[in-house]
Amino acid sequence: MTGETLLEVEGLRVEFGASVAAVRGASLSVARGQTHCLVGESGCGKSVSALAIMNLLARGGRRGADKLSFAGIDLRGMSDREMARLRGDRMAMIFQEPMTSLNPAYTVGSQMAEVLRRHRGTSRRDALDRAAELLGRVGITAPGMRLGQFPHQLSGGLRQRVMIAMALMCDPELLIADEPTTALDVTVQAQILRLLAGLQRDLGLAILLITHDLGVVARVAHRVSVMYAGEVVESAATADLFARPTHPYTRGLLECVPVPGKVKRDQPLGSIPGVVPKVSPGFTGCGFRDRCAHANEICAGDIPRHRTDGDHEYLCRLPRDWAHAA
Amino acid sequence: MTTMTTIAAPRRGWRAAGTWIGAVIVGLTLFAAIFAPWITPHDPYAQDLGKRLLPPFWMDGHNPMHLLGTDQIGRDYLSRLIYGARISMLIGIGVTITSAIIGIAMGVLGGFVGGKVDDAVLFAITTRLSIPVVLVALAVVGLMGSSFTLLVLTLGLLLWDRFAVVARSTTMQVRNLDFVSAAWCAGCSRFHILWREVLPNIASHLVVVATLEIALAILLEAALSFLGLGVPPPLPSWGLMISEAKEYMYFSPWVIMIPGIALFVLVLGINLLGDGLRDHFGTGTQ
Amino acid sequence: MLRFLLRRFVVALLVAATVLTLAFMLTRLSGDLAISIAGANATQADVELIRKAYGLDRPVIVQFFDWVGRAMIGDFGESYFFKARTAALIGERMPVTITLGLTGLLIALFVSIPMGIAAAVNEGAWVDRVVQFIALLGQAMPGFWLGLILMITFGLQLGWLPISGTGSWQHYVMPGIVLAFTAIPALTRLTRAGMIQAMSSDYIRTARAKGLSRASILLKHALRNAAIPVVAIAAVQLGFMLGGSIVIESVFALHGVGFLAWESIGKNDFPVVQAVVLVLAVIYVALTMLADILNAVLDPRLRTA
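Protein chains in written order, with our numbering: chain A, 1 to 326; chain B, 1 to 286; chain C, 1 to 305.
Relax, there's no trap hidden among the hints.
Example chain A residues on the side facing chain C (calculated, C-beta under 8 Å, incomplete): (1) Asp-89; (2) Ala-105; (3) Glu-114.
Calculated directly from the structure, the hints in this document are not laboratory data.
We put the beta carbon where it would ideally sit given N, CA and C, even for glycine.
Modelling step: build the complete structure from the supplied sequences, incorporating the hints.
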C-alpha cells in the first residue's frame with residue numbers, strides 16, 4: 001500500500017475577492033502511509049492550500065485546480081454535502097490553535113462521539129467507548145474522566161491530543177495537520193510530533209504536515225514541498241532536499257536554521273531580506289524575484305519547472321547545479 | 001489562519017444611502033421645526049367647528065385649504081404636524097443635553113478616577129437601570145402637573161445611563177493611552193487632561209449615543225403625551241395628537257396615521273443617521 | 001462563581017434600598033400630600049382629618065422609616081382610591097402583567113432568533129439587509145401607535161381579536177405583539193452578531209472539518225454559543241418590558257400592574273404608585289441576577305471555574 005499516491009493536487013488556485021491570489025497553481029502529492037511536509041513562511045499560502053483541499057475555505061475564498069483527487073476520487077466537482085461525508089471520515093484535519101479549536105460549550109466526549117455518530121451511525125455508548133480508547137492511544141491518562149470534561153479544563157497540549165484523537169475517530173486515510181505544534185510549549189511540541197510519527201507508523205496513516213519549522217521537517221518528513229507566494233517552488237525527498245537545495249528560496253530558508261557545530265559563535269545566521277509579497281491574480285513570473293540575489297529580467301517571464309533525479313522538482317530559471325558550480 | 005472574507009462593497013453603498021436618507025429626514029424636520037411660523041398654512045391652534053375631521057388630500061371630500069385635513073375640533077392638521085416637529089425636536093435635544101451633562105460627567109469621573117468613585121458610578125447606573133422610566137416619568141408629571149420644562153428635566157434625569165456607560169468605558173480606554181500619560185508627565189492639571197485630552201477622544205462615541213438618546217426621548221415624550229401626562233394640551237405634540245384623535249380612529253384612521261407616521265419616520269431618520277455616524281467614526285458602541 | 005453571585009446579591013439589596021428611598025421621595029415631590037388626597041373641594045378641616053388619618057402630620061423622617069419598615073415586610077399601606085391593601089391590589093394584577101411580559105418575550109424570541117440566524121448565515125446578502133432593515137423599523141416604531149393600528153386592523157376591520165379588556169388569552173395577542181416589538185431589534189442584532197462571531201470561530205471550522213451536517217454546525221455548535229448572551233439579555237429585556245407595559249396596558253385596557261399604576265397616578269393614589277415603582281424595580285434587579293445565573297449555567301467556562 002505504501003508508496004501509492006493517496007492525494008494528488010495539481011495547479012491548485014485560491015483567490016479571495018479580486019485582489020488576492022493566495023495560492024497560484026500549487027502542486028503536491030501525498031503517498032499512502034507517508035508524511036509529506038509543506039513548509040514556508042507565514043502568508044505563503046500553505047494553510048490556505050490545506051483548507052482548500054478540505055474545501056474549508058472561509059467565505060469569499062474561491063478554489064480551482066487542474067487536478068484534485070483523493071484515493072482516486074475527484075474532489076473538484078463534489079457538492080458540499082458529499083465533501084462533508086468524506087471529511088472527518090476518510091480525511092481529517094487538525095489545526096494550529098488547540099485553545100480555540102474545540103467548542104467550549106460541549107464536553108470532550110460529546111465532541112468526539114459525534115464524529116462517529118455522524119459518519120457511522122454508531123450509538124452514543126459505542127462512540128464514547130471508541131473515544132476513550134483513542135484518548136488512551138494518544139497518551140491521555142484517565143480517558144474516562146477526560147471525556148466528561150470541557151475544553152477549558154484542559155491544557156493546550158491535552159487539547160491538541162484530543163483534536164488528534166478526534167481526527168482518528170473514523171480511521172482516516174489522510175490526516176492534514178496545520179502547524180499542530182506552533183502554539184505549544186517546546187517540550188509539548190516534541191511529544192505531539194512523536195505521537196504523530198508513532199500513529200503514522202502504527203496506523204499506516206498518510207499525513208500532510210504543514211509547518212514553518214525545518215527542524216520538524218528533518219525529523220518526521222518523508223517528502224518536503226517548499227511553498228512561496230502561493231506556489232510550490234521546490235519538492236523533493238527529505239534527505240535530498242536538505243543535501244541539495246536548489247531553489248534560491250529553499251537555500252535561503254536552510255541558511256536561517258542554526259545547526260549545532262556548523263554555526264560559528266560570532267557569525268550571524270542567514271536571513272532573507274523582505275517579506276512574502278501579497279500577490280494579485282494575473283501576476284506572472286517568479287514570486288521570489290524581488291528578494292532573490294540571482295534575479296534578472298528572465299525571472300519576470302514564465303519560469304520553467306525542472307524535474308531531476310525522478311522526483312526532485314523545482315521552479316526556477318537557474319540550472320540544477322548552479323549552486324555547486326558557483 | 002489567513003482567513004479573508006470579502007467585505008461586500010454593495011453593503012457600504014446601502015448603508016451610505018441609509019445615512020443620506022436619515023440626514024434628509026432629520027434636516028427637513030429641523031427646517032420645519034425652526035421655520036414653523038413661516039411655513040404653516042394656518043394657525044395650529046385656530047379651531048373651526050364647522051370644518052371638523054376633514055380628510056386629507058388623497059381622500060374624497062377633502063378641502064384644498066387643508067392638505068392633511070383637520071382634527072376633531074377643526075384645527076389644520078398640517079400646521080399642527082409642523083409645530084409638532086418643533087416639540088419633538090426640542091424635547092429630543094433638550095433631554096439629550098440634560099442627560100448628556102449628567103451621564104458624561106458621571107461616566108468620565110468614574111472612568112478617569114476609578115476605585116471607589118467608579119464603584120459609586122457603577123452603582124448609580126445599576127440603580128438607574130432598575131427604575132421603570134415610563135412609570136416614574138408619568139408619576140412625576142402626574143404629581144407636579146404637566147409642563148414642557150418639567151418633562152424635559154424629568155426625562156433628562158432618567159435617560160443618562162447610556163451616556164454614563166459609554167463615557168466610562170471609553171474614558172478608561174483613553175486614560176491608558178500614551179498621549180495621556182505624556183500629558184501627565186508634562187505636568188498638566190487633571191482638568192486640562194480631562195478637557196483637552198480625554199473628552200475630544202471620546203466625543204465620537206458620545207455623538208453616536210446622542211442620536212440614540214434623541215430618538216428615545218422623542219418616542220418617550222410621544223408615549224407620555226399619548227397617556228395624557230406629557231406636554232399639556234393644546235400643544236400639538238404628535239403623541240398628544242394621536243391621543244386626542246383616538247376616539248375617531250375607527251372611522252377616520254388617518255387622524256392617527258398621519259402623526260404616527262411622522263413620529264415613525266423621524267425616529268427612523270435619526271437612527272439611520274446615528275448608524276451612519278457610527279460607521280463613519282468606526283465606533284462599535286453597542 | 002458563588003462569590004460573584006453573593007456580591008451581586010449584596011449590590012441588588014443596595015439597589016432595592018436606594019429605589020425604596022427614591023420611591024418615597026417621588027411621592028413627596030408635590031408638596032402637601034394631604035391636600036392632594038383630599039381633592040379640590042375639600043375644606044381645611046377635611047385636610048387636617050386626612051393628615052391625621054394617614055399619619056402625614058408626623059415628621060418626614062418618621063414617615064420614611066415607617067414606610068421602609070412596612071415595605072420590608074410587603075406592607076405598602078392602603079390605597080386611597082381603591083380602599084384596599086396595596087399589596088393585595090398589586091398581587092391581584094401582577095399575573096396579568098407577567099403573562100403579558102412573558103407572551104411578549106416569547107414572541108420576540110421566536111421572531112428574533114430565526115431572523116438573527118438567517119441574517120448571520122447570509123451576512124451581506126439581501127436576507128441580511130432585510131433583517132437589519134426590519135430591526136431598524138422596529139426600533140423606530142412607537143409601541144402605542146402600533147397598538148392602535150393593530151386594533152383598527154385586527155380588532156375592527158378583520159374582527160379576529162378583541163380590542164380591549166382582560167378576559168381571555170386572545171386579549172394578550174395584540175399587546176404581546178406590540179410588547180415584543182420593543183425587544184425584537186435588540187435581540188435580533190445580538191443573535192446576528194453572536195452567530196457571525198461563532199460562525200467565524202475556530203471550533204466551527206473544526207466542526208466542518210469533522211464533516212458534520214450544516215444543520216448540526218449551525219444549530220448545535222454555533223447557536224449554542226451565540227445563545228448565551230441572547231438568553232441573558234432576554235431576561236433583562238423582560239424587566240424592561242414589564243416596566244414598559246404601562247403604556248401597552250393602558251392602550252389595550254389590560255388590567256395589569258401598569259394599568260393600575262396609570263389609574264393611580266391619575267387619582268393621586270400615592271401608596272400604589274410608590275409600591276408599583278418599587279415592585280417593578282425589585283423584579284428588574286431579580287431578573288438581572290437571573291441573567292447572571294443563566295449565563296453561568298449555559299457557559300461551562302463560568303460554571304466550572
